[in-house]
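So the sequences go chain by chain: A and B.
0 is the number of the first residue of the first sequence in numbering that gives the first Met the number 0; add one for each residue after it.
0 is the number of the first residue of the second sequence in numbering that gives the first Met the number 0; add one for each residue after it.
Simulated from the structure, these hints should not be mistaken for lab results.
We put the CB at the ideal spot given by N, CA and C, even for glycine.
Don't take each hint at face value.
Lysine-lysine pairs mimicking DSS-like chemistry, simulated, CA-CA at most 30 Å apart [said to hold, decoys possible]: (1) K225(A) with K24(B); (2) K50(B) with K186(A); (3) K262(A) with K179(A); (4) K90(A) with K175(A); (5) K161(A) with K223(B); (6) K17(A) with K24(B); (7) K262(A) with K224(B); (8) K257(B) with K321(A); (9) K257(B) with K18(A); (10) K59(A) with K225(A); (11) K1(B) with K148(A); (12) K1(B) with K223(B); (13) K257(B) with K148(A); (14) K24(B) with K161(A).
Residues from chain A that keep clear of chain B, each with C-beta distances beyond 10 Å, as calculated [what the hints assert, rightly or not]: (15) G73; (16) K143; (17) N219.
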Amino acid sequence: MANAYWCIVEDDRKGAPKKVMSEVLGEAGRLAGGTVEAVWLTDKATDDGIKQLGAWGASKVWVLENAAFAPYIGEVWVPALAELVAKESPKAIFAPVTSRMREFVARLAARLGAGLSADSVGFAMEGDALVATRPVYAGKVLAKMTWAKTPWIATMRPNVFKPAEASVAKSAQVEKPSVKIPTPRMKLVERREEVSTGLPELTEAETVISGGRGMKGPENYVILEKMAAVIGAAVGASRAAVDAGWRPHRFQIGQTGRTISPKLYLGFGVSGAIQHLAGMRTSKVIVAVNKDPEAPIFKIADYGIVGDLFEVVPALTDEFKKLLEK
Amino acid sequence: MKIVVAVKQVPDTATQVKISGADPKAIDTAGITWIVSPYDEFAIEEALRIKEKRGQGEVVAVSLGPDRVKEALRSALAMGCDRAIHLNDPAWANADTLATAQALAAVIKQEQPALVLCGRQAIDDDMGAVGAQLAEVLDWPCASWIMDEAVDADAKTVRVGRQVEGGLEVFDIPLPAVLSAQKGLNEPRYPTLKGIMGAKKKEIKDVKPGDLGLTPGAPQLMVKKLEALPARPPGRIIQGEVKDAVKELVRALREDAKAI
Numbered sequence: 000m001a002n003a004y005w006c007i008v009e010d011d012r013k014g015a016p017k018k019v020m021s022e023v024l025g026e027a028g029r030l031a032g033g034t035v036e037a038v039w040l041t042d043k044a045t046d047d048g049i050k051q052l053g054a055w056g057a058s059k060v061w062v063l064e065n066a067a068f069a070p071y072i073g074e075v076w077v078p079a080l081a082e083l084v085a086k087e088s089p090k091a092i093f094a095p096v097t098s099r100m101r102e103f104v105a106r107l108a109a110r111l112g113a114g115l116s117a118d119s120v121g122f123a124m125e126g127d128a129l130v131a132t133r134p135v136y137a138g139k140v141l142a143k144m145t146w147a148k149t150p151w152i153a154t155m156r157p158n159v160f161k162p163a164e165a166s167v168a169k170s171a172q173v174e175k176p177s178v179k180i181p182t183p184r185m186k187l188v189e190r191r192e193e194v195s196t197g198l199p200e201l202t203e204a205e206t207v208i209s210g211g212r213g214m215k216g217p218e219n220y221v222i223l224e225k226m227a228a229v230i231g232a233a234v235g236a237s238r239a240a241v242d243a244g245w246r247p248h249r250f251q252i253g254q255t256g257r258t259i260s261p262k263l264y265l266g267f268g269v270s271g272a273i274q275h276l277a278g279m280r281t282s283k284v285i286v287a288v289n290k291d292p293e294a295p296i297f298k299i300a301d302y303g304i305v306g307d308l309f310e311v312v313p314a315l316t317d318e319f320k321k322l323l324e325k
Numbered sequence: 000m001k002i003v004v005a006v007k008q009v010p011d012t013a014t015q016v017k018i019s020g021a022d023p024k025a026i027d028t029a030g031i032t033w034i035v036s037p038y039d040e041f042a043i044e045e046a047l048r049i050k051e052k053r054g055q056g057e058v059v060a061v062s063l064g065p066d067r068v069k070e071a072l073r074s075a076l077a078m079g080c081d082r083a084i085h086l087n088d089p090a091w092a093n094a095d096t097l098a099t100a101q102a103l104a105a106v107i108k109q110e111q112p113a114l115v116l117c118g119r120q121a122i123d124d125d126m127g128a129v130g131a132q133l134a135e136v137l138d139w140p141c142a143s144w145i146m147d148e149a150v151d152a153d154a155k156t157v158r159v160g161r162q163v164e165g166g167l168e169v170f171d172i173p174l175p176a177v178l179s180a181q182k183g184l185n186e187p188r189y190p191t192l193k194g195i196m197g198a199k200k201k202e203i204k205d206v207k208p209g210d211l212g213l214t215p216g217a218p219q220l221m222v223k224k225l226e227a228l229p230a231r232p233p234g235r236i237i238q239g240e241v242k243d244a245v246k247e248l249v250r251a252l253r254e255d256a257k258a259i
């Protein structure tokens, strides 16, 4: 329907929308106060997935299902969705920040000649205009952004927006529009899976444990992994640790790594260089453990312990175990 | 093979950033140290490596911005780029990502390179959109966040690994194409003294919208204003023996912060 707020669905590639969609749909619902629709480009949409999107507040799910949509290729996705946008004239197009959505939404905005606010952390309606908030300059400043016209296109940082409460009473109407599927010039050769850590994905995790230079070496991350297994956290690292070769780059938190915004961030032996803070400053609760009482991370920490992480980590892990086994 | 690298000049990460007293939409640029955005250095390095491996070719650095941007282009030349193009006009002062992509695309259409490389994002506004938007304006294929690449012997195809959640997707992409560099692609070189001296003699060409047949339109996304970060409530250092401190921390995380 014209003027709807569209939420592009990020899924697990197995037919289920990712949990971050509850945040995107929830925020869109608060802004729209009415029509929120999900748009799902996928090679396999499942009934359960559609039900889930409805429960999170989508009144309609546009299902664009085609084998050509996996893996994501901009040359395929962009013309397909642009065709639907031209027909339906949505007022806003939202997506979560994930690797493919980042590129897709940027390319789509260029195709539509529309503005894009990437990695937004807040929205407000000012009169009839949407205003987005996004961190800039390593998160040292917040920028308020406005659009020249609709559709307002934005991506949302995961873990920042309040998720929609799932309601099984709500259900979505399903629409399967036919759109032209272009043939891409680029061809998938293979997908190389990373060795699974068995822990949550860094950018999606509600709790993140991070180890810095104070970890002293790659062999010591095992103590953080033990704690992570107890509390269901992801394990990241600072640039110092990554540049030293202790952890692969995909685990780096910071300006030249991943931006995270967990409910709880625990930093061990992390000094808190600006470039690290840029990637975790919007975490809700920050805990820092460092030997150096002058470490800059204590300036933004909610709770700090000045001490030796090699004593604190095992003791804290035991305390978490006791708490969670109760 | 000709390669264009898109470069952005940004404030150094460690530099103090203050909102301008005169213009709440801008930062105070006095005293800022400017650098080439780190991801763009990966792009420059990769372009130079492709040229060196092939034993021939040309690497052209392009940047949009005011006069100070020449310094960033000079750094790119010092690393080894052959020449530079500076999109330098007040009409681009408020360029958003799309206007930037359109300007870059116009230059690229004139230059007709086989490959365009850029960083995955610039570390000032962190928008991460220009590479993909450039590909869209040019109607070229693109891959973002690449971790490795290999151009085939005929310079017809590039094989790239793009980083995605949980792995790497490897694609064969016919050239021309746009690629955006992720950290891990390479280790950028430092300019040598010879490189720095040589860069002074290399060409930096100023380009105006008229030279490209462009009339920059109004931006689609505007900064309404900049705001200082809200202060975080003061934190609490938990004192005492380790065993007591961790007990108190866990209690506080559960009962006060409700974070676990």
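Here is how each hint holds up against the structure:
For the given pair, K225(A) sits about 46 Å from K24(B) by alpha-carbon distance, which is inconsistent with the 30 Å threshold. For the given pair, K50(B) sits about 24 Å from K186(A) by alpha-carbon distance, which is consistent with the 30 Å threshold. For a cut-off of 30 Å, the pair hint linking K262(A) to K179(A) is broken: about 42 Å separates their Cα positions. About 20 Å separates the Cα atoms of K90(A) and K175(A), which keeps this hinted pair within 30 Å; it holds.
A C-alpha spacing of about 25 Å is found between K161(A) and K223(B), which places the hinted pair at or below 30 Å, so the restraint holds. Under the criterion of a C-alpha separation no larger than 30 Å, the hint pairing K17(A) with K24(B) is inconsistent with the structure, at around 36 Å. In summary, the hint linking K262(A) to K224(B) is supported, as the alpha carbons are separated by about 28 Å, within the 30 Å threshold. Between K257(B) and K321(A), the direct Cα distance comes to roughly 17 Å. Compliance with the 30 Å bound is thereby established for this hinted pair.
Note on K257(B) and K18(A): the hinted pairing holds, with a Cα-Cα distance of about 21 Å set against a maximum of 30 Å. A hinted pair counts as satisfied when its Cα atoms are at most 30 Å apart, and K59(A) with K225(A) does not qualify at roughly 43 Å. For the hint linking K1(B) to K148(A), the alpha-carbon distance of about 38 Å lies beyond 30 Å, and the restraint is violated. Restraint check for K1(B) and K223(B): the C-alpha separation of about 39 Å exceeds 30 Å, so the hint is violated.
With a C-alpha separation of about 41 Å, the suggested pairing of K257(B) with K148(A) is violated against the 30 Å cut-off. For the given pair, K24(B) sits about 28 Å from K161(A) by alpha-carbon distance, which is consistent with the 30 Å threshold. With a minimum CB-CB distance of about 6 Å to chain B, G73(A) fails to clear the 10 Å threshold, and the non-interface call is violated. Once the 10 Å rule is applied to beta carbons, K143(A) is inconsistent with being away from chain B; the minimum gap is 4 Å.
With a least CB separation of 17 Å from chain B, N219(A) remains clear of the 10 Å interface cut-off, as annotated.
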